[in-house]
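Colleague: Here is what each chain is made of, one letter per residue.
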Amino acid sequence: MTSRSENLVVEPVARLIDELARLPGIGPKTASRLTFFLLRAEAEQTRTLAEAILAMRAQVTLCRRCYNITVGELCAVCTSTTRDQSKICVVEEPLDVLAIERTGAYRGLYHVLHGHIAPLEGIYREDLKIDQLIARVRSEPIDEVILAMNPNTEGEATAFLLLKDLASLGVRITRPARGLPTGGDLEWADPDTLGSAFEGRREL
Amino acid sequence: MEVTRLSLRDFRNYQHLDLPLSPEITLLYGPNAAGKTSVLEALFYLATTRSPRVGADRELVRWEAEAEAGVPPFARVFAEIQRLTGHMRLEVIVQRRTDEDGQLTNTASKLVRIDRRPARALDLVGQLRVVLFTPADLVLVDGPPAERRRYLDITLSQLDPHYVRTLAHYQKIVQQRNSLLRAWRERRRSPRAVDDELGYWDQEMTAAAGYLLAERLRAVGELNALVGPLFQAISGGTTPLSIDYLPSLALHEARDAGSLAHRLMQELRNHRRDELARGQTLLGPHRDDLSFTVGAVNLGRYGSRGQQRSVALTLKLGEAALMRQRAGDAPVLLLDDMLSELDAQRRAHLLEAVSLPGQQTLLTATDLADFRPEFLTKITRLRVEEGRIY
Numbered sequence: 001m002t003s004r005s006e007n008l009v010v011e012p013v014a015r016l017i018d019e020l021a022r023l024p025g026i027g028p029k030t031a032s033r034l035t036f037f038l039l040r041a042e043a044e045q046t047r048t049l050a051e052a053i054l055a056m057r058a059q060v061t062l063c064r065r066c067y068n069i070t071v072g073e074l075c076a077v078c079t080s081t082t083r084d085q086s087k088i089c090v091v092e093e094p095l096d097v098l099a100i101e102r103t104g105a106y107r108g109l110y111h112v113l114h115g116h117i118a119p120l121e122g123i124y125r126e127d128l129k130i131d132q133l134i135a136r137v138r139s140e141p142i143d144e145v146i147l148a149m150n151p152n153t154e155g156e157a158t159a160f161l162l163l164k165d166l167a168s169l170g171v172r173i174t175r176p177a178r179g180l181p182t183g184g185d186l187e188w189a190d191p192d193t194l195g196s197a198f199e200g201r202r203e204l
Numbered sequence: 001m002e003v004t005r006l007s008l009r010d011f012r013n014y015q016h017l018d019l020p021l022s023p024e025i026t027l028l029y030g031p032n033a034a035g036k037t038s039v040l041e042a043l044f045y046l047a048t049t050r051s052p053r054v055g056a057d058r059e060l061v062r063w064e065a066e067a068e069a070g071v072p073p074f075a076r077v078f079a080e081i082q083r084l085t086g087h088m089r090l091e092v093i094v095q096r097r098t099d100e101d102g103q104l105t106n107t108a109s110k111l112v113r114i115d116r117r118p119a120r121a122l123d124l125v126g127q128l129r130v131v132l133f134t135p136a137d138l139v140l141v142d143g144p145p146a147e148r149r150r151y152l153d154i155t156l157s158q159l160d161p162h163y164v165r166t167l168a169h170y171q172k173i174v175q176q177r178n179s180l181l182r183a184w185r186e187r188r189r190s191p192r193a194v195d196d197e198l199g200y201w202d203q204e205m206t207a208a209a210g211y212l213l214a215e216r217l218r219a220v221g222e223l224n225a226l227v228g229p230l231f232q233a234i235s236g237g238t239t240p241l242s243i244d245y246l247p248s249l250a251l252h253e254a255r256d257a258g259s260l261a262h263r264l265m266q267e268l269r270n271h272r273r274d275e276l277a278r279g280q281t282l283l284g285p286h287r288d289d290l291s292f293t294v295g296a297v298n299l300g301r302y303g304s305r306g307q308q309r310s311v312a313l314t315l316k317l318g319e320a321a322l323m324r325q326r327a328g329d330a331p332v333l334l335l336d337d338m339l340s341e342l343d344a345q346r347r348a349h350l351l352e353a354v355s356l357p358g359q360q361t362l363l364t365a366t367d368l369a370d371f372r373p374e375f376l377t378k379i380t381r382l383r384v385e386e387g388r389i390y
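Chains as they are written, first to last, in full-length UniProt numbering: chain S, 1 to 204; chain P, 1 to 390.
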């Protein structure tokens, strides 16, 4: 596809097609369609798009404290005066913060690891913001750390390592419950989920 | 248990097949490459979600199968089965994947339904239980250890849903653990806090391994009780066959899952240095083996061809007997071109086993001359030619 577009299409167009095709979920065909759309679009529209991309790169940084994405030094959660400063919820990705915020059920702070332990993918302890988390728990008035990693093998491996590191720091360590989805149906639940829902049952 | 109906669409060389099956013996006969084995393969696939022949699922889709209305070519295997607990419908669709330009890729996706409900492939394993006999079973005796582990794993996976899940989890954990060990060995990372970093993988690995080991040991114990007399009858000798489980670590007295996991954990700690030097997981069920002895002779190494064939056949009949004993329900026996390989005595034993009451069997042959006329009158005969059954 690359060689074909280079041969038949003038260089600036081919270049954009190739760049777009490198994005996740976009193949050569979609890349061509987008490129030709932009070619015919108003000059204003292409400029806004290009500027948005550049501005995103230039302005978005990681929060100095919790490593969530933000503009400026600290993120909105870290600067807020109404958040509970004694709780940290540890998540794998910035998108997980959004998911938890949407629930409105949590008013504490966050810490974004930017990944999970996965030796097969070449992701190890030092590739995550783990030391930064330990430093925070040591220096801030934290009394509870919530390990909200994904409930899969890699997430569990990450939680296991964190548990080891945090155990000696004298904080409460919790994990969100695992179990049945709201509005779900017992008979449709897979055995693993149903099993952990029973293990994690609670007194009424 | 029995398959009452099998239907195929674009599976191997079958464009379309809808086949009601007899609860007793069905003989599929016809020339080579007609599609006899594909029928057995389809049933094996429904039972295990694996083909005994190919690695890649996409090869199951008939070559000439065409995309319809933008839907990429797919193969469908559907069976109605009758178990002690009732009637069930099992279905697998293997669909070839296309890239963005609509070109077929080398990958395929698998869709499983049990009684019309979408299910995971692992949930399908063991709904239908089969034992496949082929001349290639000889590798169980003279082949590499992986073949013998596969024999135990296929048997136990069909009997125990927890076994198949634990095995899948175990394999994933060992892969992750190997990557971690390899990174240290290749000096891509400095080996600091090795015990902490291996902690999770060791814990998950040993917990899963404990269960796998306990179940394998129990199965080998039960198999021994079954294969002793079977082997004597098949080989015409007086000495029974004995199967030994050869673990990759000394188990001492450990037999239950908990103490086996504990044993493995101890040994993993003792072998840290070796594992770091080799960059792989050296202990566990994925390194174990079976040995077959008669008297004091190891038949894998010193057995004659004839003895080895007897052992392979005994193992398969033992597998069927174990399933019958545990599940209270006979597995479906699939005999692929077996009779031409066997001498008169072994053939008689095999035919005796398939003639048990309540036993459904499908067998393939190229030549009816392998069978006695009185056997042929008792069974259902189907002629197979070029992907059609008459």
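It is possible that part of the hints are untrue.
Said to hold, decoys possible - A partial selection of chain S residues facing chain P, derived with a Cβ cut-off under 8 Å:
(1) Tyr106
(2) Thr153
(3) Gly155
(4) Glu156
(5) Ala157
(6) Phe160
(7) Lys164
(8) Ala189
Derived by calculation from the structure, the hints in this document are not laboratory data. Quantities reported herein were computed from a predicted structural model and do not represent experimental measurements. We put the CB at the ideal spot given by N, CA and C, even for glycine.
Colleague: Tell me the hint numbers this structure goes against, listed in increasing order.
Modeller: 1, 3 and 8
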